[in-house]
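Colleague: The residues making up each chain are set out below.
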Amino acid sequence: MALVADALSYTYGSGTAFAASALANVSLALAPGELVLVVGATGSGKSTLLRLLSGLLEPDAGTVLVDGEKPGRPGCVGIVFQNPETQFFAETVLDDVLFGPRNLRFVDAEDAAREALVSVGLPVERFGDRSPFTLSGGEARRVAVAGVLAMRPAYLLLDEPTAGLDREGRDAVLAAIAVARERAGVLVVTHDPEQFLPVATRVLALASGATAFDGSVSELLEDPGPYERAGLALPDVIRAQVLARARGAAISSIALDPVQAAATLAKARAVLR
Amino acid sequence: MIAVEDVTYTYPGAGSAALDGVSATIAPGTWTVIVGPNGSGKSTLARLLNGLLAPSAGRVTVDDMDTADEARAWDVRSRVGLVLQNPDNQIVGTVVEEDVAFGPENLGVPRDELRRRVDEALAAVRLTGLERREPHLLSEGQKQRLAIAGALAMRPAYLVLDEPTAMLDAEGRSDVLGVLRELQAAGTAIIHITHDLSEALYAQRVIALKHGAVAYDGPASALLADDALMASLGLEVPPLARLVSALRGAGLDVGDARTAEDVVEALWPS
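Line order of the protein sequences matches chains A and B.
Taking this note's numbering, the leading residue of the first sequence gets 1, the next gets one more, and so forth.
Taking this note's numbering, the leading residue of the second sequence gets 1, the next gets one more, and so forth.
Think of the hints as simulated: they come from the structure by calculation, not from any bench.
Note that the structure is a prediction, hence the values are computed from the model and not measured.
Do not rely on the hints blindly, as some may be mistaken.
Here are a few chain B residues that sit away from chain A, every Cβ distance over 12 Å (derived from the structure) [stated by the list, open to error]:
#, residue
1, GLU5
2, THR8
3, GLY21
4, ARG59
5, ASP63
6, MET65
7, TRP74
8, GLY129
9, LEU130
10, ARG181
11, GLN204
12, ARG205
13, GLY218
14, ASP226
15, ALA228
Example chain A residues on the side facing chain B (calculated, C-beta under 8 Å, incomplete) [what the hints assert, rightly or not]:
#, residue
16, ALA41
17, ARG73
18, SER136
19, GLY137
20, ALA163
21, ASP166
22, PRO258
23, ALA266
In this text, a Cβ means the ideal position worked out from N, Cα and C, and glycines have one as well.
Given these sequences and hints, build the entire structure.
Modeller: Pasting the structure below:
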């Protein structure tokens, strides 16, 4: 059981004068319970990868297999695009979230919608009858995420799920991801990996359509060189320790948490003296 | 100066006010950051500053012009530029230079002057050379800088930006912030709405909104030091600021460090 992408390549406008390679020879595997982070600058191929994994695009070379089958089985791979709240169409929050499970002919569509709304912290009793167009930005994002969760996907792909949210909205989306992960594999595309690093199982960094780094979070912290050479910015707290190490500070393991990082730096400096 | 005087705004049909009795003044050439949770009234305030919305009660004046005075609407909007979060919703031209020219062209700015303004605006946002590029071929960071250029072509004294970096990657974000710093150095007042307090470290002043009212108005440092207020505003101390304060707690003073480089330079001078 896994979502497996093997050696994917994709070129937009293939065969025309405007052909532009977006992705070359990228592989990844996502198993239930995992959280894979895909990072990379704008234009690095993240969105193309997401479209290939969900079956919206067919790769020019390589394969995508979802539990051993070609992608496309409705509801199996859930995808939350950037700013999904711009796609509401129903008159109430509940109807909008119900759209997916009803189309999939779930006998318990209403339960699926309720569970999904609860998991994003918006109980149906309070929010079900609201018009989705009157929600705050953070609430709207959570309803859009709930709309995908309600289809109970085995694999959940999220493109910048926390961009533009305040702390409360972001924490609610992170909590919903944690719940979804209990039964699904989750892949998050983000510009801002800091918030996901403590819970991620694997990081895939793309640069100009190719894999610049692929490994666990601890492997990334051990040797962030390839990640940085790909032009990706490490979070400040990690970078401070990497820079200190470059100046001769004896730092064996890099901390993610600012308070632990301060202790690490303080200890390294004491040794120096 | 922009003066917001006891302003209340209620959206048509809404039960409660989005802004309720807000007062603040913004001086020319300054950098002000506006923060607050989703739904606190930040975007409403942005739209009141350039007259896109008129107050339900109270008054907003821009260099002594009342924004509710329809006869002055264009003067107000040329003095206060507004850039929104999603650049795709703000780009109208089929090529970059046409998009930048759209505002001043509508005001009847003569051709030579128009050319000069477009070139200056594109130079200010570092898009010179892309005049004939189609906007949809630009990166997201370039698009947002194009949206800023469109506002700059109106030669505004004040530039209001509603979460201009929310959709950008690290590089796009630092490009946009770099452009804003240059604009401020050249005399444009920056009013920057953001969720990201690490961006507030550049500001002279932070205004925090909560439930449509001003909950804080002062320097960023005092806000960052007030844990209870930060939490009640749904704001998070940026990780680097937490690192700096934890270092201080461990007896290591790294001063006013704003970057990872500053921290390391203070601890291990090169």
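Colleague: Each hint: holds or not?
Modeller: Each hint tested on the structure:
1. GLU5: holds, 27 Å
2. THR8: holds, 19 Å
3. GLY21: Label holds. Min Cβ-Cβ 21 Å, cutoff 12 Å.
4. ARG59: Holds: least Cβ distance 27 Å, greater than 12 Å.
5. ASP63: holds, 31 Å
6. MET65: holds, 31 Å
7. TRP74: holds, 30 Å
8. GLY129: holds, 18 Å
9. LEU130: holds, 15 Å
10. ARG181: holds, 18 Å
11. GLN204: holds, 22 Å
12. ARG205: holds, 20 Å
13. GLY218: holds, 20 Å
14. ASP226: holds, 15 Å
15. ALA228: holds, 14 Å
16. ALA41: holds, 5 Å
17. ARG73: violated, 31 Å
18. SER136: Hint on SER136/A: holds, closest Cβ of chain B at ~4 Å, below 8 Å.
19. GLY137: holds, 4 Å
20. ALA163: This interface hint holds because 6 Å falls under the 8 Å limit.
21. ASP166: At about 4 Å, which falls below the 8 Å cut-off, the nearest Cβ of chain B leaves the hint on ASP166/A intact, so it holds.
22. PRO258: holds, 4 Å
23. ALA266: This hint holds: ALA266/A lies near chain B, its Cβ roughly 4 Å from the closest one there, short of 8 Å.
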